[in-house]
Structure formats: C-alpha cells, structure tokens
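The residues making up each chain are set out below.
4 protein chains.
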Amino acid sequence: MKYPPVHYHGYLGLDPLLSSQHRKSEEYGKPAHDEMLFIITHQAYELWFKQVLFELDSVLEIFKKSKVAETDMGLMSARLERSVAILKMIIGHVDILETMTPLDFLDFRDMLYPASGFQSFQWRLLETKLGLRMDDRLSYNQAPFYKSLNESQQAEMQNVLSQPSLYDAVEKWLERTPFLQGENFNFWDSYKQAVATMFQEDMETVKNNTRLSEEDKKKNLEGLQAALKSFDALFDETAFEQLRKEGQFRLSYKGMHAALLIQIYRDQPALQTPFRIIRALLDIDETMTTWRYRHALMAMRMLGQKIGTGGSTGHKYLADATAKHKIFGDFFNLTTFFIPRSKVPPLPQSMADRMNFHY
Amino acid sequence: MKYPPVHYHGYLGLDPLLSSQHRKSEEYGKPAHDEMLFIITHQAYELWFKQVLFELDSVLEIFKKSKVAETDMGLMSARLERSVAILKMIIGHVDILETMTPLDFLDFRDMLYPASGFQSFQWRLLETKLGLRMDDRLSYNQAPFYKSLNESQQAEMQNVLSQPSLYDAVEKWLERTPFLQGENFNFWDSYKQAVATMFQEDMETVKNNTRLSEEDKKKNLEGLQAALKSFDALFDETAFEQLRKEGQFRLSYKGMHAALLIQIYRDQPALQTPFRIIRALLDIDETMTTWRYRHALMAMRMLGQKIGTGGSTGHKYLADATAKHKIFGDFFNLTTFFIPRSKVPPLPQSMADRMNFHY
Amino acid sequence: MKYPPVHYHGYLGLDPLLSSQHRKSEEYGKPAHDEMLFIITHQAYELWFKQVLFELDSVLEIFKKSKVAETDMGLMSARLERSVAILKMIIGHVDILETMTPLDFLDFRDMLYPASGFQSFQWRLLETKLGLRMDDRLSYNQAPFYKSLNESQQAEMQNVLSQPSLYDAVEKWLERTPFLQGENFNFWDSYKQAVATMFQEDMETVKNNTRLSEEDKKKNLEGLQAALKSFDALFDETAFEQLRKEGQFRLSYKGMHAALLIQIYRDQPALQTPFRIIRALLDIDETMTTWRYRHALMAMRMLGQKIGTGGSTGHKYLADATAKHKIFGDFFNLTTFFIPRSKVPPLPQSMADRMNFHY
Amino acid sequence: MKYPPVHYHGYLGLDPLLSSQHRKSEEYGKPAHDEMLFIITHQAYELWFKQVLFELDSVLEIFKKSKVAETDMGLMSARLERSVAILKMIIGHVDILETMTPLDFLDFRDMLYPASGFQSFQWRLLETKLGLRMDDRLSYNQAPFYKSLNESQQAEMQNVLSQPSLYDAVEKWLERTPFLQGENFNFWDSYKQAVATMFQEDMETVKNNTRLSEEDKKKNLEGLQAALKSFDALFDETAFEQLRKEGQFRLSYKGMHAALLIQIYRDQPALQTPFRIIRALLDIDETMTTWRYRHALMAMRMLGQKIGTGGSTGHKYLADATAKHKIFGDFFNLTTFFIPRSKVPPLPQSMADRMNFHY
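Protein chains in written order, with our numbering: chain A, 1 to 359; chain B, 1 to 359; chain C, 1 to 359; chain D, 1 to 359.
If we strip away everything but chain A, and leave its shape as in the complex, we get (with noise of 0.2 Å):
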C-alpha cells in the first residue's frame, strides 16, 4: 500500500543465486553428484559470514565511540549472541559435508587445485575484524596469507588492518571504565588483599591440618606460595609488561582490571551487560576455534595423509591455527585469577550505588 508490491522472489535474489552453482565436474563432462553439495555448504558458510560481518560492523561502529552510550549496551549484546548462534550452527555443516564420502570427493578434488578454504576472505575478514593480526597468524605456505587474495581483496583488508579491530575497540572500552577507583574504594588495593587474606587462610588450614604427613604439609605450602606468586602477574605492573611484551598477555594492565572487575562483580546492574559482552566475546573465540577443529578433522578424514587442494598439509594447518588464532586469550586466562564469590570483598555502599539505578 505504501511501498510497491514486492514478490520473493526477486526480493532474495534468487536468480543470481540459484544460478551461482557451476559444478566444474559438469563443465569438463564428468559430473560428480557431490560437488554440489560441496559448492552449496560452502556458500552457505559465506552466506553466514557476511551474517556474522554484518553484526560485527555494528557492533565495532558503536564500541569505536568515545563513549559507548548505555542505551547501545543491550543491542550490542543481543548482536554478538546472535553472531555466537549463528557460529554455532554452522558448526553443524560439517555433519552436513560428511555425508560426502572421501571417495565421492575424489571424483572432483583435482579440479579444483588449487582453491581451497585458507582463501575464504570473509573468514579472514572477521578473524582480522576481530582482532587478529598479522603476526599472529599462521605463516600459509611461507607467504603471508594475503598473498591469496586478489587486489582489492588485498586493499580491503589492509584498510580494515589499519583501523581498530574490535579487539582495540574493547580494550579501550575497559581502560574506561569509571568503577576501578571511588570513594573509599580503589578495586585493585581491595582485590589484592583478598587475594593475600584468602591464600593466608589456605595455608593455615594446611598447617593446622592434622592428617596431614609434615612432607605433605610442605608439598602444599608450596604449591600455595607458587600459586600466589602467579598473581604477581597481575599485581606488579612492571612484571605484567614484561610478559605482556613477551606475549603472554595482550590486553592492558587497566584493561585487565576492568575485565576481571566485571567478572566478579557482575551482578550489579551497570555490569550485567557487559559482563554479557565479554562472554559473548568468549564464546565467539571458543565457537571459531570449535569451527577451525571441526574443519581440521573433516580434512584428515578426506584426505589422509595427502595434501590439501590448497597445497598444505591442510589439517596440520587448522590444527595448528585452532590454538594460536584465538583473539580474546586473556579473558580465557583471567579465570586464572578468580577468587571464589565468598572471598571477593563486598563493595562499600557509595560504589554500589554507582552502578545501580535510582529511579
């Protein structure tokens, strides 16, 4: 009534999408019946990517603001959920791939060497998007990866490289926050004590610990003190940089504090979407990660031993790349750091009001 009528057709663009299924079998006369499923799952892989860029191009617009308004904390969480549902129901396609058998895949593979997964730009695109960077990664084939990519591709990907990633994005988003430090509340002093009252408590419990052999009471004393030594990396900043420079950690010294405050105290209301977030964020490295094993072990299964159409050792490669390419490494590590709720000092009336509403 207010708009031209519109039919579904042409709405989704089905005819250059349905018409986008060239099978090479066919073209050189030996059509093999799996390789449209093969072309198919892996449009519908890029199909969800474009999804997933979509909700990610969103989100990075509103955390690059100087301020992130509070009203945009909701959405941003409900999009990185949906990217993290999404994820993992592509995960899924693999079960869908499988049922081509090797042999099936053989009927094809040698036609299209060398195209090859490793080549996806949208894949690269959400990793790099994400945060991932270029030292990261893993050499392909001892050339820097974008050596796959055609010019603009190459373009594309270097403009997105040199703007921050959501991973900066977030960083800077923590470094932020306005609850680290109040009135009669500084929330590292406050953490640090915990910490050192709860390890104190642990060891007298050892010593006082009468079935204990006094070896054992030793061997426990000092896994306590290596235990609490390890969270000198969180506590001295000079030896946080260090192993932040060593690569240990990649997240600020104030970014970490945030990120860990919104951990413990995320039941206050000004914490209960962003701690939402940086779940979010985790699941979404988990689900990638999930994604690039997934991937690896369907490579071995079709290929045995031999290399993959895109010249690697393909699933050497995934699996490999399944444990460096994860972007949010510290929030995983953080969980190093928790102390138990019953532990965590309780924050002092005036702090606690901050982060509630007042309506």
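Source of the hints: derived by calculation from the structure; they are not laboratory data.
The reader is advised that the hints may include incorrect statements.
Identical copies go unnamed one by one, so any copy, or any two together, can satisfy a pair.
[Said to hold, decoys possible] In silico PhoX-like pairs for lysine-lysine, Cα to Cα no more than 25 Å straight-line:
(1) K245 / K2
(2) K207 / K218
(3) K343 / K207
(4) K172 / K219
(5) K30 / K192
(6) K2 / K30
(7) K172 / K65
(8) K229 / K207
(9) K30 / K88
(10) K229 / K254
Chain A is fixed; fit chains B, C and D onto it per the hints.
What follows is chains B, C and D alone, placed relative to chain A:
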C-alpha cells in the same frame, strides 16, 4: 596441473552470491539492521532447498526406471538420508531467525508486502516432487497456490505435476517387490494367519484371566474384536479400495503389502536397504512437518494476531498445512498393522535364500 | 585439602543411577534390546526436568519477593536462559528415540501398559510452577490428570497449585513497574496518541494514493479501521476486562501495559534485563510447545492409529495440548499491539534519566 | 492385561534416579546453585555412556562370531549409527555446562578435589571395548589410568582388556572377506595395476603440458613419484609390516585390503551395509575425538591455567588425548590410497554376481 587453476572466490560465485542482499529498508532510506538477517536466513533456506531438490531429482531418476538396480540402492538411501540431515539442520535456522524480535521485524515488515514464504517456489517444487498433489494442498487465499508463481515457474510446476513424483515411483517400485509370493510362501496368507492366531491367543488370555471380572473380560474382548476388525482394511481388498476412494489410504493395495513386508522382514539382506529408504521417506515427511510447525509458531510470535505479509493468517495456514501436507502418511498408518516380531511367521528357507547372498 | 577427598563415581551417585535400568522385557524373559534406549531416554528427560525445576524454583524464589533486587536480575535472566537451552537441547532426544523403530517398540510395548509419558510428575510440576492452572489443562481420559499421580505427588501438586506460580509472580512484578507514569509522562496516553497518529497517517496515505481505485481505497480504509478497533481491547479497560473474563487475555490490565512498555523501550538500561527475562519466558513457552509437538509426531509414528500406552489417543492429546498448554500466551498476543520503533513516542528526558545509570 | 500394570514413575526408577543429586556445597553448608547443573550434566553423560556401551556390547557379541550372519548386518549398522547419534548429541551438553561460568564453578570446585572426569569408568570402558589398548593411552599423572578405578572396576577392566575388542573383531571380520580373490579376479593385482596406470597417465599429462616450464615439469614429476612411492606401504607386505611394527599402522595387511575393497566397491549390494558399518566406526572415532576436544576447550575456559580438579593440567591432557586416543585411525589413513572411481577397475561379471542378489 591437469585442469586450469581454480580460485575459491570465483569457483563459489561469491560475487553474485554476496551482492544479492538488498534491504528494502535501505532502499527507502530507513535502514533496518535486522532485515539483513531476514534476507540471509531465507537465502540460506533456498540454497539448501536447491540441494535437497538436487538429491531428490537424482533419486527420482533412479526410482523411475522400470527396474531399480541393486547397485543403486545404497546410493539412493545415502542421498535420501542426506536430505533428511539437511532438512533437520535447517529447522535450526528458526532459532537464528528468532533472535530478531517482533519489534525489529516491524521496522521493515510493511515494505515487504505482499512477499511471503508461501511464495517459495523451491519449497513447492519439493512438495510436488515428493508427491503432494494439487488437491492435497490447502487453498491459499482461496486461489490455487500457483497463482503466486510467475509464468515460467507455473510452466515448470505444471510439467512436474504431469510427471511421476517420488511417491508414484516408490509405489510402482513397491508393487514390483519379488518377495510377496514364492514357492511355499504367500506373504499375505501367512501374515493374515499370524494376525488371526495372535488375536486368538490374546482372547484366550483374557478368558482365562482370573484376575478380571466378567464385565472387564467382556470389555477387553470387545476391544480385541474391534482391533481385529481394523485389520479388515488391510485384508479385504474391496474394503481397502473403498477406504482408499474415501481418502483414508493413498497407496495401492499391493504397495501396502510390499511396504509391510519390508518393515516386518527388514533384517533380510535384500530388504535392509529398502527398509532404510522407507525410513528416510518417513523422516523427510516428519521433518518437513516439523519445519512447517516451527514456522507456524514463529509466525505467531512475530505477528501476533496480525495477518501475515502474504495476506493470509499465516500461522493458521501453516498449522493446517502441518497436518495436511504429509505425503507418505500411509507409511505412518502402516504401523497400526504391525505385529510383534515374535508373532511374525518365519520365512520358509526357499524364500529366505532368495533374499540372501550366495557368495 | 580443605575437604575430604571426593571420587567421581561416588560423588555422582553412579551406583544407584546406573543400576536403575530394569527392562520389563528382560524380567519377563523376552529381552527387547531397544527397551534400554526407551528407559534411558526417559531417564535423561527426567534428569533435565529436575534441573529445569531447580532453576525455576530459584527464579520463583526471587520473583516472589515484594521487591525484586536489581542485583538479582542478571542472575534470573541467566537461569531462565539456561532453562531454555536445556529444553531446546532435549527436544533433540526425540531424534535419538526415533532410532527405535515402531516394530522394535512392539516387542515390549504391551509390557508397559498403562505407563505413559502423561504420568511424568516433574513435567506436570514444571507446567504448574510456570503457571498452568488446572482448568487450562485438557482433561486426560476424562479424569483430572492428577489421578495418575500417587498420594504424595498429589499432595505436592496441591501445594504448588496453592502458591503463586511464576506467571503470578511475573504479573505482580510487572504491575509494580515504576516507569508507567512520571513527571510529564504517562506511558498509556502517549502510546494511545502514537497509535492514533499512526493510523491517521496510514489513512491519509491511502486516500492520497492515486494508484488505488475508489473501491480499493474503501477496502483499505475499512481494513485500517478494523485494525485500529482491535486496539480497543488494549485502550478500553472495560472492554479488556470483558475479554479477559472470556479467556482472551489472562494478564491484568496493568501487567499488559508494563509488558508493552518493556518491549517498546527495551533499549533503556533499566529495561534491558527485564526484556531478556520476558523473552526467555516466551522461549520457554515456545520450546515446551515444540517439545509437545515433536512427541505428538513421534507418537503417531510409533503407534499409528493405535491407542497410546496410557489408553488415550496419544498424538491427538499431545497435538491439542500443544496449542492449549501455553502459559505466557499474552506475551505472544502483545505483538499485535506493537508499533514500529519510528512511531514510538520518545521518552521525556526526566523519564529517560530515571531508566539510566548516573555513575 | 497380559502383564501386571506398570507405572511410569516406578518403571523408570525415578526414586533412586532423582534422589542421587547431592551437592557437596550443600553438605558443607555453602550451597552453590550451579553445582546441581554440574552433577546433572555429568549424570546425563553417564546415562548415555551406559546406552552406548549397551549398543557396543550387542554389536561386539555379533562381530565376535566366527561367521557374521548377513541378517545381522542391518541391525549392527543401525546400532552403531545410533551410538554415533548419541555421541553427537551429548557433545551439545558442553554448551549447557558452559552456561555455568568459571566464577560459579569456583564456588564448589575445591570441594570436589580430586574427583575428575578422567575417572569416568564407563568412558574408559567405552574406549577399551572399542579397541584402545593400555599402551595407546597417555599416562595419567604418571600412573596407569586404572589406578583411579576401584577394585571391582579394575577387575572388570582387566577382563575387558583380555577379550577381543570391537577393533579386534572387526579386523578378523575384514580378513575373512570372501571377495578379495575370485575366478579371474585378484583385488590386489587389479588395484595395483590401476594405481600404476593412473600415475603413468598423470606423468604423461605433465610431460605433454606445454604450459609448464621444464623446471615445473621436473617438480611435478618428482611429486608424482613421491606420491606413487607412498603406495609402497600398501603394496609391499614387508614394508607394510615394518611400518606396522613402528606403529604407523595397526590393521593387518589383509584387513587393510578388505577395508579398501569395501570402500572402493561399496555400491555392490553385498558391500552396502559393510560400508555403512565402517563409516559408523569412523564416525564414532571422530565424534569421540571432538567430544574430548570440546571438553579440553571448556576446561581451559573454566580453569584458566590452574591445574584440573584431577591434579593434571586438564586441558593439555585432553588436547593430547584428542589426537592420540583414536582407534580406527587406519580407516582414516586409508583415504590416502583411494583412487577416483573412474580409475577403479570394473569387477568381472563373476565377482559382481557373487556380490549381488539372485532372486
């Protein structure tokens, strides 16, 4: 080496594929973020529909032959099972689409009028190729559904309707089953006898059951009589044809027998793959039914009591289609006539031999 | 160290757990392999029902308070979302159970009479705690469902029925919403005005649409009038209460307003988590409905036209329950009264401030 | 009627089942809400492990026979495929368990020490029954894993280890394959010939390829020579046995041949179900590997760098086990030796006849 080099991007037709997302809301200058999800989810559906059609076409091609080669059976079973796997997987797309809230949908819903999922030509083709006839369909806004198709689609649909569907081909294949009759063996007689004996025994059990009052005995015996009588539909060809005329059955009398034989003796080597095929057809029916139902629920959630974009009361239509658009319903009904394996008459050796290998 | 050592096996109670599978078919000397799957699938259901009940109980505990602490909102939302995740996951158990064929089921089906999934006390508790009232239930074999419960279960059910359900508690919580009315702001007035304006504009658009014939204009205008009139249920308290008495609505007038406010202004910080909670409740309803439906389909497949083990025509019952046992149906209906975000009246600053943080 | 009446609650043993959840945190007076999820998720795992063991036991029973009846093949394939479906489904439990955050886990983690998922006896049984030998296992805290088992479990494990595993039984079954040799047909000779021809043709193609420089030709030819040489492992029994001794292969020489034959000629009626069985075994392996990997990721997320409750560096262990605990790895490796279907030598009619039905 043997073939010209291929690149991932071009091979998958990513240029047309990834430039086919045109948000109406953007065109009208009121970009609605979630319209992208709406488009891509439906595009993903259509990609997978194409794949399922591709599988069904290949299966239909084989089934239509006057004699199905035994060497093709495994292939057909695998392709039907793949279709089931795909259909099950895309049901999960509803969960993704539902990350869009009804309020977000409102932002662009009016712009799509009167486009509607009812207009998916491929879904219609899928139903038709499986065996849904025009008269089985619920009318759609009081006009035959193909009014929503464009001319070339209508022509293709007419063509498909004029050719044997998978249902038709399966029925013919069933009727040719060579195992219904053999030396010393008539499946129908022996099955009829087994049913009679079973009910006879059940009635004796009731009569001799001292725990039952006379009244309970009478009630139980009447129940058994009624159950036995329901088998008349199966054993009396005239009665069966009458019920068939009334729409209670669709499958031919001989087809029913063969389907029953396959179910009952599915462990016989020659019936193992036929059994899998029948099960896959049941799975396709059940999964498509579930797909329709999930969409009915989603429509209700998205639209409340409002009329669908297609102008119909969407969820009502879908809920009805859910029940009516079943194709292999007779395979479901057949269950009524199963008897426990312990009561199934053993095959005479000559028939068992015919169903087995002799290497 | 601090606590006595624990072993996996004992901790999880694996002795009782793994010795609770007693096949009737084995007891009667006719072991049916698939009865094990039947038992274990249902046991897995019951384990997860216990978990969902545990989550709901904890949420109900919080919701029942005369004032829900803002620091508890994130927790509640997480626990409801976990319940949704569990319910979605166990729908997939149907796929597992369906690897048992109807013929395999026949091997032990008679031995279970009259046991039936209808007798799952925990599922009934779940429905009741969510808010399903006795009168909402379909009668079960013409007798109230609790006839199938044992005495202590009946007592517990009575007790649960006599206490506020999650539905009741949510309704009370909604009614207390502090944002319906404020300085320079009355949600209801402003919403009513926005609706009137929207329809006014739509009618103008129709009248000025030169593409439309006079007849089409008339039809369109009548349609708009009818749509506008449907809002009366919302705007006229007397009309609403009348419809409520007739069973068209369950939620109180004020509860409806609050639910609408939360949906419409969900981006406001104070409404972000309430919105998630309402969405999770909708998800629970929709998922339980889907669960029932999948079981109805499975029952039909397993039993054909035969009566269920519980003596009812199983799938008919389930299909009906599917539609009727919805609890938060008003949240679905509410969608009817949504207006596009662009038409939503902006909040006056004073109200926006009340819904925001001030750190 | 025939059998005493049965009630859902008692039949499923719900009293012991639903009273086996004892939270340590409750026992110690510090109830941690999420410990319930932790318990129930692991109990659900164990229930399903019992089911998978039940299926494997029944399959092993059949496979162990000196001659596997053809009428049992469909059954075995169905039960293995059911096991795959179950294992795939429970991987999804990780998503449920991850709704518990690391901080929530800390509330009761210390109370469980040193309980650990490594102590799951059923999972160990599962691995062992499939064919994992003691020496294939990663050592667990420098002590054989069965130190974590109680006495009766150790006895049962020893017993299982002393009997043929599914791996052993499948190997024997493969070695008995009647189709490796026949009138005018020796699978091995014909396959070797086909491989030689294929490589010969490939080399000719390279030599005649005018697009290639001399250097590229040389490189390509060397690559082909190397690939051809890798087939020596298959064609030269002495070389194969040497590699087998070094642990590169586990399957016997004849077993390898049979497995290859089944893969290559899987369309032959007599090989359709054997092929499904081999595929299901591969699926079990791959799914268990994925299960381990998802748990490794989860452990890393839950524990950060902390040591696992079992005292090992949990995720490291799991990541390694992921790679090493594969049982049917040779079926994966076999893929290396596949040749495209177009190069596969056709069967002589006499052999094709032996693999077909003659009804």
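Which numbered hints are broken by the structure, listed smallest first? Of the numbered hints, 1, 4 and 9 do not hold.
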